[in-house]
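Chains as they are written, first to last, in the working numbering: chain A, 1 to 683; chain B, 1 to 683.
None of these hints come from the bench; they were simulated from the model.
Hints may contain errors.
Since copy identity is lost for identical chains, a pair holds within one copy or between any two.
[To be verified] Lysine to any residue pairs mimicking SDA-like chemistry, simulated, CA-CA at most 20 Å apart:
no.: 1; residue 1: K177; residue 2: L319
no.: 2; residue 1: K540; residue 2: E300
no.: 3; residue 1: K315; residue 2: G250
no.: 4; residue 1: K549; residue 2: A39
no.: 5; residue 1: K177; residue 2: P357
no.: 6; residue 1: K434; residue 2: D583
no.: 7; residue 1: K360; residue 2: E125
no.: 8; residue 1: K315; residue 2: K549
no.: 9; residue 1: K434; residue 2: P472
no.: 10; residue 1: K549; residue 2: Q99
no.: 11; residue 1: K616; residue 2: I543
no.: 12; residue 1: K177; residue 2: P358
no.: 13; residue 1: K616; residue 2: G174
no.: 14; residue 1: K540; residue 2: P40
no.: 15; residue 1: K359; residue 2: A134
no.: 16; residue 1: K382; residue 2: W453
no.: 17; residue 1: K270; residue 2: P485
no.: 18; residue 1: K315; residue 2: Y255
no.: 19; residue 1: K130; residue 2: Q352
no.: 20; residue 1: K315; residue 2: A345
One letter stands for each residue in the lines below.
Number of protein chains: 2
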Amino acid sequence: MPAEAKVPHEGAPVAQAATLNGLAAHGEGRRRVIVERVAPEVDGGRFPIKRGVGEAVVVSCDAFADGHDVLAVVLRFRDAAESAWREVPMRHLGNDRWQASFTPEQVGRSCYTVLAWVDRFATWEHQLHKRVEASQDVRVELLIGADLVAEAAEHAPLVDATTLRGFEQSLRAGDAKAGFVPELAQLMATYLPRRYATTYARELAVTVDRPLARCSAWYELFPRSTATEPGRHGTFRDVIARLPYVAELGFDILYLPPIHPIGRTFRKGKNNSVTAEPAEPGSPWAIGAAEGGHKSILPELGTLEDFHALVQAAKQHGLEVALDIAFQCAPDHPYVTEHPEWFRARPDGTIQYAENPPKKYQDIYPFDFETSDWQGLWQELKSIFDFWIAQGVTVFRVDNPHTKSLRFWEWCIDELKREHPELIFLSEAFTRPKLMYGLAKLGFTQSYTYFTWRISKWELTEYMLELTQGEPREFFGPNFWPNTPDILTPQFYGGQRSVFLTRAALAATLTANWGMYGPVYEQLLHTPVPGREEYIDNEKYEIHHWDLKQPGNISWFIAALNRIRRANPALQSNAGLRFHRVDLDFHESEQIIAYSKATPDLSNLILVVINLDPDKLQRGWVQLPAEEWGLGASYEVQDLLNGVRYTWTSGFNYVELDPATMPLHIFHVLREEEMTHDVGDYV
Amino acid sequence: MPAEAKVPHEGAPVAQAATLNGLAAHGEGRRRVIVERVAPEVDGGRFPIKRGVGEAVVVSCDAFADGHDVLAVVLRFRDAAESAWREVPMRHLGNDRWQASFTPEQVGRSCYTVLAWVDRFATWEHQLHKRVEASQDVRVELLIGADLVAEAAEHAPLVDATTLRGFEQSLRAGDAKAGFVPELAQLMATYLPRRYATTYARELAVTVDRPLARCSAWYELFPRSTATEPGRHGTFRDVIARLPYVAELGFDILYLPPIHPIGRTFRKGKNNSVTAEPAEPGSPWAIGAAEGGHKSILPELGTLEDFHALVQAAKQHGLEVALDIAFQCAPDHPYVTEHPEWFRARPDGTIQYAENPPKKYQDIYPFDFETSDWQGLWQELKSIFDFWIAQGVTVFRVDNPHTKSLRFWEWCIDELKREHPELIFLSEAFTRPKLMYGLAKLGFTQSYTYFTWRISKWELTEYMLELTQGEPREFFGPNFWPNTPDILTPQFYGGQRSVFLTRAALAATLTANWGMYGPVYEQLLHTPVPGREEYIDNEKYEIHHWDLKQPGNISWFIAALNRIRRANPALQSNAGLRFHRVDLDFHESEQIIAYSKATPDLSNLILVVINLDPDKLQRGWVQLPAEEWGLGASYEVQDLLNGVRYTWTSGFNYVELDPATMPLHIFHVLREEEMTHDVGDYV
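Just chain A, same shape as in the assembly (with noise of 0.2 Å):
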């Protein structure tokens, strides 16, 4: 059998009680107050909790002592680059359950923990008043609580000990009222020692982001089918003249295919086809050839300038540009020549290329995470995000992360947050659940999902219930995509505009990201290789040119969603989110869902209905929690698509939609106050 090195534990407790001399080197042995199940906590605190800067994190332990003394618990937080910790007392919730929470005012890493101690002031103040509601002979206890003060009074500034040693004096002369004056017990709290105090064993970690990374809206386009004439390679410049376009579409990140030279050995042809013609352009995920590699741009595009001068644009615009991270290279990539030992070698001196036996990728060959130079592998790979960003780009959409090594992902992000905690890495891994939270918990802002399969009423609601309710919430950024290149599933093969609109409102208003491939989507395009989930005619190996003012494109729909989206803070977090009960002939209609997000003081309030039937009108009752949201019996709501208003009431109500028309709403559930006069956030 053979051996293994031993692995180091990731600093986990093992499960043994301590020695007497190890409790007593740390004076253990007194600290009577256990701290237990603090949450969020993911894995045992083995990964950090997701937060935007500004969003509160709600910490909840469990605390408690033996016997019935009062205890104090507090929150501990700091900023990771701060040593002292801030604090703020945590609420008992019942149930020795304990509750405060603290809110990352820097984009970065914060901490958190809890501290309790038996709160002998507290304690003897409670036991003081039973006694003298008893009517008990309290001369002993007032001087015991003398003692108290009198020592709480050697740790307070002047002002207060002179304070503190009046009421030490009223308490030796036997007055119990001078116990019960909110002043001492405000001074106590203050300067009386904690004596004794447990920390909770771990210190806990929220990865706490900027606002882009937790609310987003993605548009992806292909660079070279951007050029204004059919027939011509677009470049950056054309891009940059297509800026206009997308910023007006509300979209934040500006997301581009790799944009480095294309490899030219095995450079695949339109739909895929196995040989490339002489003129054909390739995929870009084919990334290297002579001209450079992953540090390099593509000359058909533009020059390091151009990708600048884009840069520089789209910020113009309100837009971040994105770019592909696909760490694999086509044969004449120049990693090949320069690192052979970062590829696997066959027997016959060849270099693995892809494969997904029985098929092969020979276009593209994957690195080998298990080579003995792995540290000179991850250190290159790093620099290439390190060089991006010091072009400006400080989002990156990253192709197939779950092919790659999860270990050497949590390195990397790890250390480029640690210098640039701006940065935003969206997981491109259509995969197994657990390897999608995977790569969530050791760093991915955010990641695509199965949003794209999941279509009927119960799957969405299903799926939303674990992303929103479930652990994922702690550490998932679901982006929610209709369409991808790679993606077009059947549901659009019909080609019913409804459908466009329906899978659109749901990406856009189900989570607070959201991306589309376009002009593809707007368009409407909808048919499929035969027999495959993609595009026919695909860009991804071929350019295209797109005439972005084709009759029945639903651009306008598009801008819509992305302007309700930014007016509606309740859109903007994954929190909040309900599902409603639509009735059809006393049963729960399969067709209509309905579901609301709210600001966590109600203050804005979103109801979306949506007709999942892409062919027929529906029709069904809505119930809302209208008392819950403190609506009266009757209400007001308006569909900011249209901006018209419906009265509703605290019963039923209700809807009916037609995909012919417009197969939804998205309703502003109006409060009492907003309903005197307009709102005029609709379109």
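Starting from the known structure of chain A, arrange chain B on it as the hints suggest.
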């Protein structure tokens, strides 16, 4: 603001990624497998789970790697004293979840963790299969396989190495079939080095207890009330004479209230009177007098030799003697003068007595666990256990552990069990749930519960689901008592015999540990102190004389319960509990509760049906999962209380239970092979 000492982490992980150097130092960078979410695991591995010796520990985990390689995942386990791991392969359940089990064979502590790696040979074989199916040229792949086989051969002893070399040559010769020979797979699993294996971050622990710790029936009696003639103080010799009675009732453990000298200062009289007449014996829980303290015996009970005789005689009757450990002192306990520093001094020079303001317990001094000599106190308290262990006692009922420092208990129980893993500690903590569970997590074997206050069908069902399906099932050993000297709950006040029968049956069949306080219980005593849930004329304060032949007593029934428990393994575990629907007029009956307990292999199947209504006959229709249990459309059940057999069906089965006669059934559900002959294990 006063400073607190920094509390060391209890070996817990801090959520932050490792540095490249750190990873390199441990060869971590090439470990591609992630192992997460191992279950069972209590509080991130902070506390051990509990199992009985010979009881399987079913372990599951998430394990996955980047890409599509085949993984090998093994569960590793060992007795804590061993250094070498044993291992068993884990089975893939789907969705990257893996499972296996091990069975601790030695009382004490066992450890377990998970090891996983990329199975290079299985991956190769899996891919070769797909290539061969697709009729691809596999010559190079066979060379890759040959290299793997050669690597394994280097780690194999001569005979196996020779076999491997043979396979290697076949593969090199282009014989693809050789790659699929099962013998090769077996040899490769044995000898191919487990390159870059990942262990789970934590080693988890199991407290492995002897069978009695997991399944026990306790009988509590006051030794001083065991004299054969009225008026005399009972002795250990009288208890010896009582042993045949307790053994006939079928109990395993005879539990005695404290046997130490009783304090005289502030001694309590009959019915908890604050003044005692000179002849009154006082409460056994007011421990310590001039004669000695916790290591002494009340002279009226006998000598240490008499106690040894009792322990020996009990063993001959299949009984273990359990002592009551109450860490508190009467004012005349020797500790009070020898170690005044272990008590809290008041400013008037007196010692702080026990209080729960406004209530005062002046006959009791609690220890001060914040004493500067806490180490001396801990050592002395532990030495009390050591003393009685030396006298042959291995079972302890601990009085009010929740009013003593939890860290003390964790240390004390761990120290004691390390030397004496056979010890059993029953926690008498009737307090808040978190505190009760906390004591169980830190080491108490069994615990009193809220059973006494769970009366209705709904309450019993909810509570049992929490205990047997929730987190507590891993660490909390519930022990159900229908009564104690401290607790007589209102359902008994009416004195109905049916209540005594049903509450004992619930306690004895819902959980594997139960106990009762007798002969009070079998004689149906039921008069409370007015306004208090406690017996009037309580043995805690006076000596009683019992006529064990009292007409109407239910000793026969108690004996039957214990006999049924011993004959049926299903009743000896808390796993395998299920509740079953009982219909009455198309609604769930509120009065008849039905539940089953089954062994994992369903070889023993017990169904309990109880009428909870103490006054009225109740009827209902019981539904069982007959098909799931592999029973036919018709099968037999036999009431183990009277031997009567009924033919039941897979549909609804009628029951009628009359509190005036017998308000419950305990059925043995007969499998086909058992139906042909009389099982004969009924009473």
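How the hints compare with the structure:
no., hint, in the structure
1, K177 x L319, "neither (65 Å within a copy, 58 Å between copies)"
2, K540 x E300, "within (16 Å within a copy, 96 Å between copies)"
3, K315 x G250, "within (13 Å within a copy, 83 Å between copies)"
4, K549 x A39, "neither (52 Å within a copy, 57 Å between copies)"
5, K177 x P357, "between (84 Å within a copy, 18 Å between copies)"
6, K434 x D583, "neither (35 Å within a copy, 42 Å between copies)"
7, K360 x E125, "between (77 Å within a copy, 17 Å between copies)"
8, K315 x K549, "neither (25 Å within a copy, 95 Å between copies)"
9, K434 x P472, "within (10 Å within a copy, 26 Å between copies)"
10, K549 x Q99, "neither (55 Å within a copy, 57 Å between copies)"
11, K616 x I543, "neither (37 Å within a copy, 85 Å between copies)"
12, K177 x P358, "between (86 Å within a copy, 18 Å between copies)"
13, K616 x G174, "neither (83 Å within a copy, 61 Å between copies)"
14, K540 x P40, "neither (42 Å within a copy, 47 Å between copies)"
15, K359 x A134, "between (85 Å within a copy, 9 Å between copies)"
16, K382 x W453, "neither (33 Å within a copy, 62 Å between copies)"
17, K270 x P485, "within (14 Å within a copy, 87 Å between copies)"
18, K315 x Y255, "within (13 Å within a copy, 79 Å between copies)"
19, K130 x Q352, "between (80 Å within a copy, 17 Å between copies)"
20, K315 x A345, "neither (44 Å within a copy, 72 Å between copies)"
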